[in-house]
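Given chain D, work out where chain E should sit, using these hints.
The primary structure of each chain is shown beneath.
There are 2 protein chains.
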Amino acid sequence: MKLYTYFRSSAAYRVRIALGLKGLDYEAVPVHLVRDGGEHRRPEYLDLNPAGLVPTLEDAGQVLTQSLAIIEYLDETHPQARLLPEGALDRARVRELAHMIACDIHPVNNLRVLQYLGHVLGATEAQRNAWYRHWVGLGLATVESRLARDARTGPFCHGDRPGLADCCLVPQVFNARRFDCDLSAMPTVCDIVARCEELEAFRRAAPMVQPDAE
Amino acid sequence: MKLYTYFRSSAAYRVRIALGLKGLDYEAVPVHLVRDGGEHRRPEYLDLNPAGLVPTLEDAGQVLTQSLAIIEYLDETHPQARLLPEGALDRARVRELAHMIACDIHPVNNLRVLQYLGHVLGATEAQRNAWYRHWVGLGLATVESRLARDARTGPFCHGDRPGLADCCLVPQVFNARRFDCDLSAMPTVCDIVARCEELEAFRRAAPMVQPDAE
Chain D
1 MKLYTYFRSS
11 AAYRVRIALG
21 LKGLDYEAVP
31 VHLVRDGGEH
41 RRPEYLDLNP
51 AGLVPTLEDA
61 GQVLTQSLAI
71 IEYLDETHPQ
81 ARLLPEGALD
91 RARVRELAHM
101 IACDIHPVNN
111 LRVLQYLGHV
121 LGATEAQRNA
131 WYRHWVGLGL
141 ATVESRLARD
151 ARTGPFCHGD
161 RPGLADCCLV
171 PQVFNARRFD
181 CDLSAMPTVC
191 DIVARCEELE
201 AFRRAAPMVQ
211 PDAE
Chain E
1 MKLYTYFRSS
11 AAYRVRIALG
21 LKGLDYEAVP
31 VHLVRDGGEH
41 RRPEYLDLNP
51 AGLVPTLEDA
61 GQVLTQSLAI
71 IEYLDETHPQ
81 ARLLPEGALD
91 RARVRELAHM
101 IACDIHPVNN
111 LRVLQYLGHV
121 LGATEAQRNA
131 WYRHWVGLGL
141 ATVESRLARD
151 ARTGPFCHGD
161 RPGLADCCLV
171 PQVFNARRFD
181 CDLSAMPTVC
191 DIVARCEELE
201 AFRRAAPMVQ
211 PDAE
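These protein sequence lines map, in sequence, to chains D and E. Here full-length UniProt numbering is used: the first residue of the first sequence is 1, the next is one more, and so on. Here full-length UniProt numbering is used: the first residue of the second sequence is 1, the next is one more, and so on.
Chain D with its partners taken away, still in its complex shape (with noise of 0.2 Å):
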């Protein structure tokens, strides 16, 4: 398997997370967002990925994108470690966790969002800071809420092993300490994240031990 990856990008580390979880060996293939105008603008890229935007996972000659639809096919095609529980409502559980954060929060606080308000609306530096506080508090505070008062919640987001919905919470939360956002009110999430940040997958996972770090 071979993952295109940048050490940053939030949503190539939860891919980067699962592999681990599942023991799962990868060639990683760093795409650069912005050096050089951006390695994900070049045409053999959008090639492979039309939306320009990373991860992309070649397994088989097969190529996908977008990072939860790989995190699902992983699951689905090596069975050892399952990243979600087994019932229908259980399941139901720990993708609403995960797309509270990959739908809610992660998009709208994307890199080229980010530049958009800078560039076309002249958004300041503090601007931007703010905006990226704005939804970050609000989506994690949300996220709080759904794991504080839910008996399912365990040492991780959903009983006692790490999944899906770990896999997305700790790159927002590391995105969310590089942003100086507030965490003080949600003790629920930062438990989970230094347990998950304990274990070997998420340590290999890490931006800053990857090889295209910076």
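It cannot be assumed that every hint is accurate.
Chain copies aren't distinguished; within one or between two, either way the pair holds.
Here are the simulated SDA-like pairs of lysine to any residue, each with C-alpha atoms no more than 20 Å apart in a straight line [unchecked claim]: (1) K2 to P85; (2) K22 to R35; (3) K2 to A88; (4) K2 to E76; (5) K2 to L89; (6) K2 to P211; (7) K2 to S184.
Hints are computed from structural coordinates only; laboratory data are not their basis.
For chain E alone, kept in the frame of chain D given last:
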């Protein structure tokens, strides 16, 4: 089943289509996102859905949020009229198309984001419309590219039956038209949407025929 919905919410529209394709009856509970400062901000609604977003589904005493998690749940619990195909690669493809819309287009153009642009950043109506069209144009061009060059595209996004990707595509195109986005470079997208709109399940889910339509 009870669906908390707003006629113009693209995420609620997706779930209404899915319920219709499966022939499932439900009670629609309208949640007005604009009137009186937004009914989705009332404590009783936030108690159900702490994100304050629509849709929310109540089924057998359980509360589910996040449109794609709800649709996957409906597909797992009501196997008639499958919305996801059988094989893992095909499922990944359908989820990829769905997430291209549900993650990369819709959240960036959500009502609350447009409100922030106006109220906090002082963006004019023209700037907000340009923002909207920018992300729709970029996102739907990617969807078009994926659809146009894959033999698995049929009369619908995947093969000869409507599914999860179509549930996402039709509401997104409805919104795009509402904001006068140029779809002339997206013939595959427009063909599929036209075909969907002939079907009862899509017609009955459309915003303008909802009980709360204005």
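Practice task
Pop the pair K22 and R35 into one bin, within, between, both or neither, using alpha-carbon distances up to 20 Å.
Solution key: neither (32 Å within a copy, 48 Å between copies)
Exercise for the section: Could you figure out if K2 and P211 sit no more than 20 Å apart (CA to CA) within one copy, between two copies, both or neither? Expected result: Answer is within: at 14 Å inside a copy they meet the 20 Å cutoff, but 49 Å across does not.
Exercise for the section: Since the copies are identical, ignore which copy is meant and state whether K2 and S184 lie within 20 Å (CA to CA) inside a copy, between copies, both or neither. Expected result: Neither: 38 Å inside a chain and 35 Å across chains, both beyond 20 Å.
Exercise for the section: First find the shortest C-alpha distance between K2 and P85 inside one copy, then the shortest across copies, and answer within, between, both or neither for a cut-off of 20 Å. Expected result: For K2 and P85, neither the intra-copy (26 Å) nor the inter-copy (25 Å) Cα distance is at most 20 Å.
Problem - Alpha-carbon proximity between K2 and E76, which holds within one copy, between copies, both or neither at 20 Å - result: Intra 18 Å, inter 30 Å, cutoff 20 Å: intra-copy only.
Exercise for the section: Tell me, please, which holds for K2 and A88 at an alpha-carbon limit of 20 Å: within, between, both or neither? Expected result: For K2 and A88, only the inter-copy Cα distance (18 Å) is at most 20 Å; the intra-copy one is 31 Å.
Handout entry: Identical-chain pair category, K2 with L89, by Cα at 20 Å
Key = between (33 Å within a copy, 16 Å between copies)
In this structure, the earlier hints numbered 1, 2, 7 are contradicted, and the remaining ones agree with it.
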